[in-house]
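Visitor: Start from the sequences, fold in the hints, and give me the full structure.
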Amino acid sequence: MSEPVARWRKRLAVPATPKSWRQLVFDARNPLPVIRATVMIGLAVLALTTPGFLSRPSISSLLTTVSFIGCVAAGMTLITLSGNIMSFSLGAIVGATAMIFTASVNWGGLAFGFAAALAAGALLNAAQGFVIGWAGANPIVVSIAALSLVYGAIEAVGADGTIYAQAGVSYGLFKGEIAGIPFEFVMFLCVTAIGQLILFLTIFGRNLYMVGGSLRAAEAVGVRTWRTISGAYLWAGMFSALAGIMLAIRYDSASMDFGVGYEYEAIAAVLVGGTVVKGGEGSVVRTLAGALIIAIIQVVLLLKGLRQEWQYLLAGLLVLAVVVLQTRGAGE
Amino acid sequence: MAQHVISVDRVSKSYAGVQALRDVSFSLGAGEIRAICGENGAGKSTFVKLLVGITHPDSGVISIDGRVRTVSGPQHAQSLGLGFVAQELSLAPRLSIHDNIWLGSAEVPLIHRRARFRARAQQAMEMLGIGDWDLDRPVGTLSIGQRQLVEIARLLARQARVLILDEPTATLTDAEIERILGVLKLIKARGHSIIYISHRLGEVFDLCDSVTVFRNGEHVATKPVSEITRDGLIELMLGRPFGEMYPTVPLQREGSHAVVVDGLNVPGMVHDFSLVAPSGKVLCLAGLVGSGTNMVTRALAGLAHGATGRVTINGRSMRLGSVAYCVARNVLFLSEDRAVEGIFHRMTVLDNLVATGLAAHARLGILSWPRLHRFAARLAQQIGIDRRRLRAYAGNLSGGNQQKLLFGRALERTEPGVLLMNEPTRGVDVGARADIYQLMRELCRRGYTLIMTSSELEEVVGIADIVVTMYRGRTVARYEREAIDMTSIMADITHPPPATKAVA
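Read top to bottom, the protein sequences are chains A and B.
The opening position of the first sequence corresponds to residue 0 in numbering that gives the first Met the number 0, with each subsequent residue numbered one higher.
The opening position of the second sequence corresponds to residue 0 in numbering that gives the first Met the number 0, with each subsequent residue numbered one higher.
Treat the hints with caution; some may be incorrect.
What the hints assert, rightly or not - Simulated coverage check for chain B against chain A, where a stretch passes if three residues somewhere in it have a Cβ under 8 angstroms from a Cβ of chain A:
no., region
1, 335–343
2, 358–371
Claimed, not checked - Which residues of chain B face chain A? A partial, calculated answer using Cβ under 10 angstroms:
no., residue
3, Phe116
4, Val275
5, Ala323
It should be emphasised that the hints constitute simulated quantities derived from the structure, not laboratory data.
Values in this document were obtained by computation on a predicted structure and should not be read as measured data.
We treat Cβ as the ideally placed atom computed from N, Cα and C, and that holds for glycine.
Guide: So this is what it looks like as structure tokens:
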């Protein structure tokens with residue numbers, strides 16, 4: 000065996016540090032990066048060749064819509080990372096916090112509204128996280144129960160319709176654009192940045208990866224797992240509350256219909272972004288990418304004149320494809 | 000030329016550019032028990048996977064009973080008479096022994112409760128000397144060792160003539176191992192051949208006729224066990240002369256009584272257990288599965304539910320039941336189940352190393368990554384893992400390197416701590432094992448207190464400064480350095496004298 004070949008083999012034998020050009024371009028064991036790059040390029044070409052995509056109204060509406068779901072998806076990412084797959088109640092949290100926000104702004108002003116909505120979102124969700132983390136309850140079942148509870152509670156206080164912002168309330172700079180970018184998208188970018196910083200710069204963030212990667216191993220190194228799981232739900236509640244607040248500001252009103260279906264679109268963004276459905280691997284920035292991919296596909300389909308049904312169909316296929324790819328990848 | 004049951008001619012196999020096997024030739028006669036030895040990553044499991052058709056060779060030929068065969072998969076291998084028992088057992092715990100024996104067999108029609116199949120299952124059980132077991136008993140009620148026997152019966156019932164066993168004794172106690180070895184000798188006497196993969200060299204010499212050594216994907220040697228010594232075999236596996244497996248103990252000044260346990264109880268597991276462990280020494284709890292040794296260490300680590308008792312460490316009283324509390328006081332735990340309770344497989348080596356050191360490198364919960372990187376690099380250097388591997392996934396490391404990672408977590412604490420280890424060398428190859436013993440001695444030198452459990456007597460005698468034997472949740476006896484001897488420990492853990500000796 001010649002000397003260069005020996006060096007070559009040695010280099011290949013070091014796992015997970017792709018240094019040779021072959022591994023950088025295509026690694027048969029891990030096709031995901033290549034698939035990801037292909038999807039990105041294909042999508043960019045598709046979008047740029049679609050007439051009307053690059054117009055200002057189209058971009059602006061894309062950035063606005065993606066932001067509502069994106070904030071929920073950022074929160075969902077933390078829940079998925081913690082190993083609890085997804086929460087079915089985030090959509091209900093969006094609706095409920097929108098209503099709480101509008102009602103409290105009417106009663107006590109803007110700052111009070113923000114505080115009340117964020118606190119409500121955080122509390123409602125952290126309570127679920129506590130039940131899941133402390134008692135080891137099934138996360139899906141808990142979130143479905145919470146969904147029902149939130150709807151029931153809102154109706155019980157007699158707020159089953161739409162609440163409108165009072166005539167005197169002004170949302171000032173929260174409405175409109177900052178440097179030509181919709182306010183909602185700026186918020187979404189902030190949420191992504193905060194989420195990413197939490198994950199990579201805090202002990203809580205690292206604990207979250209450990210808990211999601213292996214609950215028992217995390218316990219054995221002394222992570223208080225119930226705190227970490229509750230924390231993930233708490234942040235998810237806050238991020239969803241921000242989505243509710245932004246919706247309430249945009250429409251000068253709030254109703255429980257606001258968040259319907261958000262949890263599905265959020266989990267789609269999380270998975271398409273590449274966060275692993277079993278938890279322990281992924282990030283909020285990946286979810287930002289996932290949310291943008293889905294939103295761009297939807298806009299392109301809309302501009303090509305395809306109806307809403309097709310968008311649902313496509314989103315469903317996309318999520319299935321990602322989950323299948325992930326499962327097969329893990330089986331190797 | 001004598002007819003070989005299996006003969007393999009120059010097979011090679013590579014995975015994505017990494018050569019796992021290179022030009023390996025091998026042959027096995029009828030009625031022969033052949034051991035396959037080698038460090039982790041030497042190519043043993045790849046070789047076995049080729050034999051039973053789980054993977055296929057890139058080049059080379061496999062012949063069975065003199066005929067060239069392309070084994071398409073485990074089912075096909077079975078029909079050719081090759082039966083494989085993987086390291087992780089594949090029995091369905093809720094189903095009966097009989098159902099498990101026939102589960103997934105190609106011969107069985109849809110409904111299999113026919114007398115013919117029952118008779119064959121019974122016959123296979125009798126061949127193993129377990130004909131008196133109830134075939135309708137659910138497998139879940141059997142011990143791990145008993146399940147191992149059912150796996151073997153399953154292969155015999157399906158007319159396997161060659162049994163391939165991958166570390167069948169890794170998780171068994173010494174008594175259970177004796178039984179399995181006895182059964183394997185019985186099977187051999189009936190003309191079956193066995194391929195036996197094991198890290199435990201004692202078993203190789205006790206059971207096998209000949210041994211094949213792999214190193215770095217190549218066949219190094221095949222010799223009758225009568226022509227090779229234990230040290231010679233280890234040298235073949237390592238490819239270099241082998242020093243002392245167990246490091247010599249430096250003269251130690253008597254340490255303080257670091258860990259004092261008084262009246263520890265874990266319901267149903269440990270009864271009124273007391274212990275004094277000095278710092279700078281290795282204390283080993285010896286006992287069979289169910290003797291409570293593993294539960295003592297778990298309780299001290301805060302991992303046992305309902306544990307009560309008084310524990311003090313360096314004079315400070317400890318609370319039981321919270322791992323976080325223990326880790327904050329430098330009491331660290333290494334589980335016997337590395338895959339489930341130790342390693343984060345999909346996180347990097349770096350993340351795994353710093354898992355218990357995050358709080359020391361953060362201010363107000365905010366981490367300092369430059370400090371963490373330096374910290375991890377220092378740890379990697381101390382445990383002998385290449386710095387370039389810090390970014391590799393921990394799941395891709397060999398068992399030995401994974402275990403070293405777990406040791407790394409205990410290093411560089413603010414003060415010398417207590418390290419509780421259950422079976423610290425389980426599933427670890429011979430080279431890494433020696434490294435781990437060195438690490439343990441290094442920790443002793445730094446003033447750590449080491450408490451470990453082991454079901455391998457040879458290891459107990461080799462590494463321990465103090466041995467405490469346990470039987471059914473109670474202490475039997477305590478031996479210090481010169482008094483440690485294998486026969487009395489064996490006697491203690493299997494048939495202790497009726498009145499247990501006082502704890503020294």
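Visitor: Work down the list of hints and note, for each, if the structure agrees.
Guide: Now the hints, each set against the structure:
1. Proximity of the region 335–343 of chain B to chain A, defined as three or more residues with a beta carbon under 8 angstroms from a beta carbon of that chain, is established by the 5 residues found.
2. Coverage of a stretch by a chain is defined here by at least three residues with a beta carbon nearer than 8 angstroms to that chain's beta carbons; for the region 358–371 of chain B and chain A the count is 6, and the condition holds.
3. This hint is violated: B:Phe116 has a C-beta 33 angstroms from the nearest C-beta of chain A, more than the 10 angstroms allowed.
4. At its closest, the beta carbon of B:Val275 sits 25 angstroms from a beta carbon of chain A; the interface hint therefore is violated under the 10 angstroms criterion.
5. Taking 10 angstroms as the C-beta contact cut-off toward chain A, the hint placing B:Ala323 at the interface holds, the least distance being around 4 angstroms.
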